[in-house]
Each structure stands twice: as C-alpha cells, then as structure tokens.
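So the protein lines, in turn, are chains A and B. In this text, residue positions in the first sequence follow the UniProt record's numbering: the first is 1, and each later residue adds one. In this text, residue positions in the second sequence follow the UniProt record's numbering: the first is 1, and each later residue adds one.
For the record, the hints were derived by calculation from the structure and aren't laboratory data. All values derive from a computational prediction rather than experimental measurement. There could be a bad hint or two in this list.
Which copy is meant is left open, because identical chains are indistinguishable; a pair holds if it fits in one copy or across any two.
Said to hold, decoys possible - Straight-line Cα separation of at most 25 angstroms, DSS-like style, residue types lysine-lysine; simulated pairs:
id	residue 1	residue 2
1	K95	K20
2	K105	K128
3	K20	K342
4	K368	K342
5	K87	K203
6	K247	K215
7	K203	K105
8	K95	K342
9	K95	K223
10	K342	K128
11	K87	K105
12	K183	K38
13	K183	K223
14	K159	K87
Protein chains: 2
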Amino acid sequence: MGSSGNGVVGGGGGNGVVDKGVDFAQYFCTYAFLYHQKEMLCDRVRMDAYYNAIFKNKHHFQGKTVLDVGTGSGILAIWSAQAGARKVYAVEATKMSEHARTLVKANNLQNVVEVIEGSMEEVVLPEKVDVIISEWMGYFLLRESMFDSVICARDRWLKPTGIMYPSHARIWVAPIRSGLVDKKENDYEEAMDDWRSFVNETKNYYGVDMSVLTKPFEEEQNKYYLQTSIWNNLHPHQVIGTAAVVKEIDCLTASVDDIRQFTSTFFSSVTFESRLCGFGGWFDVHFRGRVENPAQQEIELTTAPSIDNGTHWGQQVFLLQPSVQVSEGTDLNISFSMSRSKDYHRLMVVEFGCDIRHSSGTMLPPIKKSFYIE
Amino acid sequence: MGSSGNGVVGGGGGNGVVDKGVDFAQYFCTYAFLYHQKEMLCDRVRMDAYYNAIFKNKHHFQGKTVLDVGTGSGILAIWSAQAGARKVYAVEATKMSEHARTLVKANNLQNVVEVIEGSMEEVVLPEKVDVIISEWMGYFLLRESMFDSVICARDRWLKPTGIMYPSHARIWVAPIRSGLVDKKENDYEEAMDDWRSFVNETKNYYGVDMSVLTKPFEEEQNKYYLQTSIWNNLHPHQVIGTAAVVKEIDCLTASVDDIRQFTSTFFSSVTFESRLCGFGGWFDVHFRGRVENPAQQEIELTTAPSIDNGTHWGQQVFLLQPSVQVSEGTDLNISFSMSRSKDYHRLMVVEFGCDIRHSSGTMLPPIKKSFYIE
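Taking the hints into account, I'd like the entire structure generated from these sequences.
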C-alpha cells in the first residue's frame, strides 16, 4: 500500500529501526483511517489484480488456511474466504482491525476469517498456513519496508509447501523526460530569491545578519526540491529509453538482507531525441504460485507508466538538474543503488550514476546523484 | 510558534504525555527545518512585537542574564544580547541549535549567547536568570503545550525578582460568520456521496458489502470536516458579536494545572444581522514586565482578526453546522471549555455551548458541540 504518510524521519538505532511508539506515530497510524483505506480500495488496477489473482486461482484457496498480512479493511481476507478458504487469519496492527472484524461479520464470514489486532512480528497463530497473501507494496515497491513483516510472517507461519500472494516482485527504472525539472528548479530559485530578500530585510530592519545560514538553507531547499523523489503519474511518452529491472524478488525465498541494500548496472538506449530529465521508477508484482503448485492463471499487477491504468502508487521521479539533451541511439550506462535511511528503516536513499555516450561517440562527464525517498 | 505539524495523535500515557521519541517525531522535528524557522521569522507582526518589547525596554536586559526557551534560530537570544544582556542561555531541543550557534557567532555575540541543545526539562544552567524570554505560543495560544516548558524553566531558573517575556497572555473567543461552513458541509456531503458510490461498486463489482462501514466512515469524515478547528485568516467583518476573554494567564504565576483544563462562560451580543456560523478564537500576549519592575513601554502582540496585521497564527474557526440566523441584539450565552487530548498532551479538545435568545425573547434550542484542535 502506498502512503505518503508524513515523511518525517525519526531518530533510530544504528540500523534505522525506530522504537514502536515512533514507528506507530510515523507509519502505522495513517492506516487506521477509513479514508485512507478507501483510497486504496478505490484503486481499480490494484483491486482487479488481487481479485483476479484469487478468484482465477481458487485451487490455491479452497479448503486451505490463509494468512493476510496487514489486512487493513479485511478485503483480501474476505476474498480468500469467498474463494473457499477453510480458515483465514487476518492480522492488522492498527485499530482498523475493528472495522475489519465488523466487515467480516457483515459479510457472514466470521466463521472463516479471524481478525487479529497486533504486529506480525508478535502475533501467535494456532497453526501454519498454506497461503500468505498481502498487499505490502509501497511507493517504488519497498518504501515503508512492509515486506520485512511479510518475510517474518513467511518464516514463522508458512508451511514448507506454502504459497506467497504475490509470488514475485520487480523494481523497474527508465530514463525519462519531465516538466518537473523546470518546475522544481523554478521553485528552488524562487525559494532562494525569497531567502535573499529575507536576509536583507532581517539585517536592515532587525539588525541580525542571517547570511551565514544561506548555505544550510540552500542545502535544505535543494534536498527538498531536487534531491527528493517525487510522486508522479508518468505518461508512457515520457519514458525516453529502454527500461530495466534493477531488482527481482522471489517472495518465497527473499531475506531482509536481500532487500535492505542492493545495486544494479544496466544499459539503456535512448529511443527518441529529447531531454534526459532524470529517471522514473516503478514496480510490478506477479501471482504465479510456486513451481510445485503453480497458478492456473498468472496475474500481473504493474505500476508502469500508463494512460488508462494508473494506480495510486504512481511512479517515482528522480530529477537530474540540469537536464541533458540526448538523441536516438544515445547510450546510457546507468548504475542504481538503494539502501535504507540510517534514521528510519522505512525510508530509502537511492543513488544513480549515469555515463552518457552520444551516438557520435562523445562521452559526457559522468553524472552521479543521490536521492531521498521520503 | 504556530505549526500545523502533522496533527496525528500518538498513543500516550493516561495524561496524554507521550514518550520522548514519539514527541520528537510528532512535534519537535518540524522546528529543525530552516524553512519553518524562516516562516516564523517572516511574520512581521510577531517580529516587531518581540523586537520592540526588547529594545524599548532595554533596562530589563542591560547587564542582566537571560534564558531564551526554545531559541530556534536564536533570534530572541541575539536581540537580548544586542539590548545589552550580560549573558544569554539559548536552549533549543532540535538540531536547529547548531544553526543558532552559527548565527550567534556570525553576529559576534558568542561571548554573550550560549546555545544549549537539549530539552528545557533537562538542561542544567550555571545560574538563575533575570529574564525568561520565549516565543511559545501555538495556534489558539495553547496548542503544542509549549508553555509547560516555559513554566518548567521559570520554576527552575528564574530569580525571585525575575521577569517573563511575555508577561501575560489571553485567549479570546467571538461569534463569527464564515463561508467555511458551507464549504465544509459540501466537502462532507461530497465525501459521503463518493463513499456511497464506492459501497455500491464494491458490492456489485467485488462482491463485498461495505455498507456496515458507512456509519464509522461518516463519523470519521464528520470529525475531519466539521468537528476539527480550522486555521483561517478572519476578516474583522466576520466577527458578528462582542468578543470575550476566556482565559487569562499571568506568565509569572501560572501553573500547568491552570492551563491544562479550564472553562468560561460569557455573554455576547450580536452586533449585526447575519448567520452565526460558529466561533473564532485567537490570542494576545503582553510585555508588561512585573509590578516591581515594569516595562517602560508596554508592548502588545495580538492575533485578533485584522486586515493588515495578520500573523502566521491566523485564528481558529469552530464551525456550527447548520448555521443560525441571528439579528442585531440577539443575545448569546456562550460556555467554553478546553482540555488536553487524552492521546496527546500537545493537542486540545474544546467544547462550546451556546444559548441563543433573539431580541423578541424567543429562545432557540441550546447548542452544544465539541471540537478537536489537531
């Protein structure tokens, strides 16, 4: 579930894991609001994907036990029960669990679906399960680090023959063009102009020279406008070069170490003359079952740039300022790395490197830039 | 300092006091941003009031020791030093203290101003002080409950003959008219219409009946749109009846118990025919010194509705829906009470009662409504 939350980093331990109270105040709490749940329930692409994944693969559910990690309103647990599950454990950390329980009863499924309020890391189930289903994906897949809780659930509660819903996930990156680069650059320049006036006035009018704070203010504004990933709904025409997978996750076997930090290098060929304004990132997940017990119908949920099938996740935009003129055939050698914020494990730091070689053979100076996913 | 922060309540102890990590994540952290400090430094009414309070009362500062509670960028500490203080202790809980220290040095006051990073409740000063200066006021004066920290500072560090800057504070309430009532009512109705479509679609398309959640959703939306105080810049013409002070604070003697919870009843006479849409609330503070050592020039900082002298605090609007037609001479018997949210001591719950007697003598049914200050 993508949620912008409040984006503020709290102090954490060395690994960025904050204490439970802080984690609740900064992360979990927004999910306790029905308004927020509704936003996700209104995402048709998301809903259709999970609905079809379940109901076109009833053999995975009929007579089986299911664990829904982060049940929210209870929708996936309810569908699992309607698809024939014998028993569904629906775990939810927030008071939304009370609404889930109400909803289960109103849909006459209280004999199948047991809603449990608690964190996945702490709840104790009476048995292991055949299926773990969860909608855990944050912006750019891993923001919010909810998959950690799914891994925990899997390691504690999934039978050796059990299945993950979704079974696979991928993070994609592509070079893009975007008007945001000019907008954010303008916003930044305006903020700096405004600051300079402010420094003048404060000196002349109030006798305090604040010019020594110009540099830290500039850094703060630059970080905000130009070094923080931006939620955006990209048009497919904004993708100007071949996209690539920078991370693949097998949900049955991935560990937290696999996703905590990783790098990827790939080539992207520019497909038409344009300005390289940065990179767009998105993800997809698949419902394939497992080799020993595959899906009858594989379902894909993709958040790639789309005209008609956008999702509430949008895509993430990482801006390069200044933008760079590129033409068809320009080669981009892109390196990508992602790691967790040292202050808060649910937020990320991303680094892009980009070597640009025009089709003439000219190499541009290499680009390297870090971004915060707040 | 008024800050909308993120308005999210965290779980707290019985008295709503949350643990330090949560308090930092929900409250203090926004003050670590220069952008936020600048917003307050650009509030000319605020700046002028403190500047004049200090520089027109230099006798309170010359050769004296000063404590600035919550120094932020350091501005009040710097002015205190420029007004002739012998020593200024500038306490700041966030990393903004580092910028304050830089600013002090850049203005050649490092021999007078000592910036200390820490919470007022914990820092240890080498001596008691002659003056405690602080800009602690939140929306509607007490939101953020920062005055608790000023009281703590006063009780620990102010000399028996010491002075508080500001010395007094008052909360005001008046009946108002406002287009917000229609706007919020429309927003609420739209949200409910949207919800009803959502319930239909989810039932028809996805086989899950969510109608049992309509009532809690309605409550959540009603709370959000109509039961939460709204920041607004009121025009003086929106005040339709006599305003009254609902709380007076002597900063030299007030205790936390005095401000934690209080009630007030007053009469307000409607001054012209209009719709009573609710109540507006604001505050003022005064710099009067103390009886034994008064200000040479008393300064007032008011956040009353104003055409030219608005502040970043605005006013708070508490909407009554439906609004009530009233005419000149209608008497309003208003009761007001404020207490702290049981979940978070920095947020408030306010209750208004209103008995309306038209000049004809007709009494309307009494109104009673609670609001959250988030």
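Intra- versus inter-copy proximity for K20 and K95 (alpha-carbon distance at most 25 angstroms) | This pair counts as both: shortest intra-copy Cα distance 15 angstroms, inter-copy 23 angstroms.
Homo-oligomer pair classification [K105, K87; C-alpha up to 25 angstroms]: within (14 angstroms within a copy, 67 angstroms between copies)
For K87 vs K203, is the C-alpha pair at or below 25 angstroms within one copy, between two copies, both, or neither?
between (70 angstroms within a copy, 22 angstroms between copies)
* Is it within a copy, between copies, both, or neither that the alpha carbon of K342 lies no farther than 25 angstroms from that of K128? -> Classified as neither: same-chain Cα gap 34 angstroms, cross-chain 39 angstroms, threshold 25 angstroms.
query = Between K183 and K223, at a C-alpha cutoff of 25 angstroms, which is it: within one copy, between copies, both, or neither?
reply = Classified as within; 15 angstroms inside a copy, 36 angstroms across copies.
key: Status of K342 relative to K95 across identical chains (alpha carbons, at most 25 angstroms)   = For K95 and K342, only the inter-copy Cα distance (17 angstroms) is at most 25 angstroms; the intra-copy one is 29 angstroms.
Practice prompt. Go through the copies and call it for K95 and K223: within, between, both or neither, with a Cα cutoff of 25 angstroms.
Written response: between (35 angstroms within a copy, 17 angstroms between copies)
Original post:
From the Cα coordinates, with 25 angstroms as the cut-off, is the pair K203 and K105 best called within, between, both, or neither?
Top reply: between (66 angstroms within a copy, 15 angstroms between copies)
Given a CA cutoff of 25 angstroms, do K105 and K128 count as a within-copy pair, a between-copy pair, both, or neither? Answer is within: at 24 angstroms inside a copy they meet the 25 angstroms cutoff, but 63 angstroms across does not.
Is the C-alpha distance from K20 to K342 at most 25 angstroms within one copy, between copies, in both cases, or in neither?
-> both (16 angstroms within a copy, 19 angstroms between copies)
25 angstroms Cα threshold - placement of K342 relative to K368 = Cα proximity of K368 and K342: one copy only (20 angstroms, versus 49 angstroms across).
inquiry  = Within, between, both or neither: how does the pair K247, K215 come out at a Cα-Cα threshold of 25 angstroms?
reply    = Classified as neither: same-chain Cα gap 36 angstroms, cross-chain 43 angstroms, threshold 25 angstroms.
Going through the hint list in order, the structure does not satisfy hints 6 and 10.
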